[in-house]
Each structure stands twice: as structure tokens, then as C-alpha cells.
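Undergrad: In order, the protein sequence lines correspond to chains W and R.
Counting from 1, one number per residue, gives the positions in the first sequence under my numbering.
Counting from 1001, one number per residue, gives the positions in the second sequence under my numbering.
Calculated directly from the structure, the hints in this document are not laboratory data.
There may be inaccurate statements among the hints.
Simulated coverage check for chain W against chain R, where a stretch passes if three residues somewhere in it have a Cβ under 8 Å from a Cβ of chain R [claimed, not checked]:
| hint | segment |
| --- | --- |
| 1 | 69–81 |
| 2 | 88–99 |
| 3 | 165–176 |
Glycine included, each C-beta is placed from N, C-alpha and C at the ideal position.
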Amino acid sequence: MSLRLNARRLACERDDRWLFRDLDLEIRAGEILRVEGPNGSGKTTLLKILSGQLMDHEGEVLWNGIPLRRARRDFLASLLYLGHAPGVKAALTPLENLAWYQALAGEHGDEAARLAALARVGLAGFEDLPAAQLSAGQQRRVALARLELTPRPLWVLDEPFTAIDRDGVAALEARLEAHTARGGSVLVTTHHALRASTRLRRLTLGEGGGDVAR
Amino acid sequence: MSRADSRSTPLPEAGEPADGLAVAWRATLHRDLVLRLRRPGEVLNPLAFFALVITLFPIGISPEAPLLATIAPGLLWVAALLAALLSLDGVFRDDAEDGSLEQLLLSPQPLPVLALAKVAAHWLLTGLPLALMAPLLGVMLSLPAGSYGVLALSLALGSASLSLIGAIGAALTVGVARGGVLLSLLVLPLYIPVLIFGAGAVQSAILGGGVTAHLAILGALLAASLIFAPFAIAAALRISLNG
Chain W
1 MSLRLNARRL ACERDDRWLF RDLDLEIRAG EILRVEGPNG SGKTTLLKIL SGQLMDHEGE
61 VLWNGIPLRR ARRDFLASLL YLGHAPGVKA ALTPLENLAW YQALAGEHGD EAARLAALAR
121 VGLAGFEDLP AAQLSAGQQR RVALARLELT PRPLWVLDEP FTAIDRDGVA ALEARLEAHT
181 ARGGSVLVTT HHALRASTRL RRLTLGEGGG DVAR
Chain R
1001 MSRADSRSTP LPEAGEPADG LAVAWRATLH RDLVLRLRRP GEVLNPLAFF ALVITLFPIG
1061 ISPEAPLLAT IAPGLLWVAA LLAALLSLDG VFRDDAEDGS LEQLLLSPQP LPVLALAKVA
1121 AHWLLTGLPL ALMAPLLGVM LSLPAGSYGV LALSLALGSA SLSLIGAIGA ALTVGVARGG
1181 VLLSLLVLPL YIPVLIFGAG AVQSAILGGG VTAHLAILGA LLAASLIFAP FAIAAALRIS
1241 LNG
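Using the sequences and the hints, build the whole thing.
TA: Below you can see the structure in the form of C-alpha cells.
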């Protein structure tokens, strides 16, 4: 499986201020890249650029060596993006939410797989309740169940630990490790301290620039 | 650590089954219908508005049948158009607020086709009920017999165009807080041809002229919107979320 996401000389300006400039980065199979920085340093913007949602930037993003614009379909079929908002419909049950996401990926999916995915994120017994009745952390867990359900090599996760309890954080960290062990890669922003690992790299965004460090 | 020592199954190659698009389309249509039906207030709102406006006119103007019959085609069409317009604002706004719109845009399926599913759900629970209800309200306005079928048909065809055109405006204003007024200003000019030929069809049915020409033009407008609107909606959504 080939998996390589590159960014070359990336620069993004917001309100006459450079969020980052001349940013080169590469994400390969089997790596976790953690994007760090204070609030407002452009972490979410960077994730949106790297997932092809924001075009308003300088520099280019390459998916397996091909510019993202041209490899869009192939790229989106490999991407699982979880944004700030969990994307969980309050009026639908967790099962219905997951069924729609599976269908969006073009899969029929089956009920048993969805139940199992919900059980693995600790939502057994909540499958048929409208998501509006779930807590913020449980709604976030519904979104995280998609990691179990739809196998995509590249995960882009924006603050996935928000509202998740301590056990949930540990389980999610283990899931990220397992995903990279299988050859997937993860791009994540978080204020949590992730366990040190050989697979983990950091990218720090700050005043007007970005540094990649091992 | 090498990849050989991981016991889990390997990740699949990118790609999806050939009928993936049909699956995604059906699921999106189904999801939107379920969401609307779980909030019946929003489905009933345009219908109540339509009924109220039509009920008030005979009271406010005059209960005389000949006068009402003259204004009935235009009145029914204008009221239905405004009712449809009122319901448009929410087509993409709820999805934008809870983050599922960005997920829709990140689907590997073509966005215009998925947008079409959302518009279809909107029409099925707004335009179609309005068209079915219109003959009933036509009775209140003493609409001459023989024009009821044309009224319902012209509204069904026309409101589908209205949903498609209106969704372009809804997509453009999804990022604007309280974009309702802006949305109306954007799409009303585009609604005028539909209104002219829709009301014209009912009018000529009353006068005993041929209605095929009017209905054919309504059909042509719908065909054109079906072809162009999904691409415009998709482009508008990308513009709205890109920034």
C-alpha cells in the first residue's frame, strides 16, 4: 500500500498574519504526526489544508506525488477526517449515524459490524437512543466509532480527545498505535500529552513558522 | 517494528464497490427524509403558511367567486412559491452546524450527486405536499373545475425547479448567520420564469386554452435545473466552506 502525503513550501495568511510560512512536511505510512501549538496558531487550518478542504493557501500538497487537486477522488477514498464538530446528527441514533457514514464511503455495511464498533468505543446499550440524549463525550465516541468501522489508511483527527474520559483517551491512543502498526498514518492535533513512541513525530506551529522535530 | 509482526489484517487499497454511488445516494436521501420527519414542525410550517395565506385572501378582499377565480392561479402560485422559499434556509444549515456537511464534502462520491439527494428530500417533503394541497385550497378560491389537475401538476413540476434553484442560494448563504433575507434576494429573480409559466398554465386551463406549451416549458426549466443546479450547489458549498 502506498501512502505519502507531502506539503511543499506551505504558507497561509489570516488577517494580515502568517499562520505558517515555508512549511515542508511529509507523512508516510506507519507514522503519527502530532501538530502542536497554542490556540490560534493554525492547527485546524493546517489540518484542513492537508485534508483538501481549504484551497486558500500558498505552496502545494501532494498525495503520493500527485497534486491533491488531481488526485482528489483517490485521496478522499483513503482519508478519514474527524473535525472539531463531531458530525453526529442529534436526531439520529448512533447506529443510523454510522450507517450513513458507511454509505457515504460507498459500503452497504452491516448492522453487526456497526454494533461491534459501537461496543468497542464503549457505547453498548446506547445504540438506539437519539444522539441528542447522549453526552458530549458519548457523541464524540460515536464519531470515533468510524475509526473502527471504515478502514482508511490516513486519519486526520482534529482534537479527537475533546470531552473523552481517561479510559477513552488511553483506548484511543492504543487505537492510533495499532493503526500505524498496520501501516496507516495519523495526523492529529491535541493538547493531551501522547505517550512517547518511535512512530510519533511532532510539528510545532508558532509565531510565523513551523518546525518539524523528531 | 516491522509490518510483519502486526497480527491485524492489512488495510485495504483505496477504492469502493462500483455501486457505491447508488448506496451513498439512497442513504443520503433516506437520512434527510428521516431527519425531516423527526421534526414534523419543519415539514408542516410551509404547509401551514400556504393554507393561512390562501384562507386570509377571501376574507381580506372579497368572497365573490368571479373575482377570486380571476386571481386564484397567481395567488396560489405566489403563496406556494413563498412557502417553498421559507423552508429553504435549513437545507444545509443544520448539517453545517453539526459538522456533517464537511463530512459530506469529504466523501469520495461526487458532491453534485449527493447534493441532488438532499434537494430531492427537500422537494419530497415540501414541494410535493404543497402541490397536493393546492387543489384543496383552490376550492376556497372558487377555482373553476377542470383546472385542479393542471394546478397540482404545474406546482409539482415547478416546485422541483424551485427546490433546485433555491438550494444554490442556500448553499451560498450557509456560512452567513441569518442569511434568510440574502437567500430570498438571491433566488427570487431566478424564480420568476417558473412563476410566470406555472401560473400561466393554470390560467390557460381556466380559459380553456392549451396547457401543454406551459407545462412543456416548466418541464424544460426543470430539466435545465436538474442538469446545472447540482454542479452549482456543489461549487457553492465548496466556496462557502472554504474559508
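Undergrad: Against each hint, give a clear statement of whether it holds in the structure.
TA: Now the hints, each set against the structure:
For a cut-off of 8 Å, the count of residues in the segment 69–81 of chain W with a CB near a CB of chain R stands at 7, and the three-residue condition holds. For the segment 88–99 of chain W, the proposed coverage by chain R is satisfied: 7 residues have a C-beta within less than 8 Å of a C-beta in that chain, meeting the threshold of three. Given as covered by chain R, the segment 165–176 of chain W fails the check, having 0 residues with a CB less than 8 Å from a CB of that chain where 3 are the minimum.
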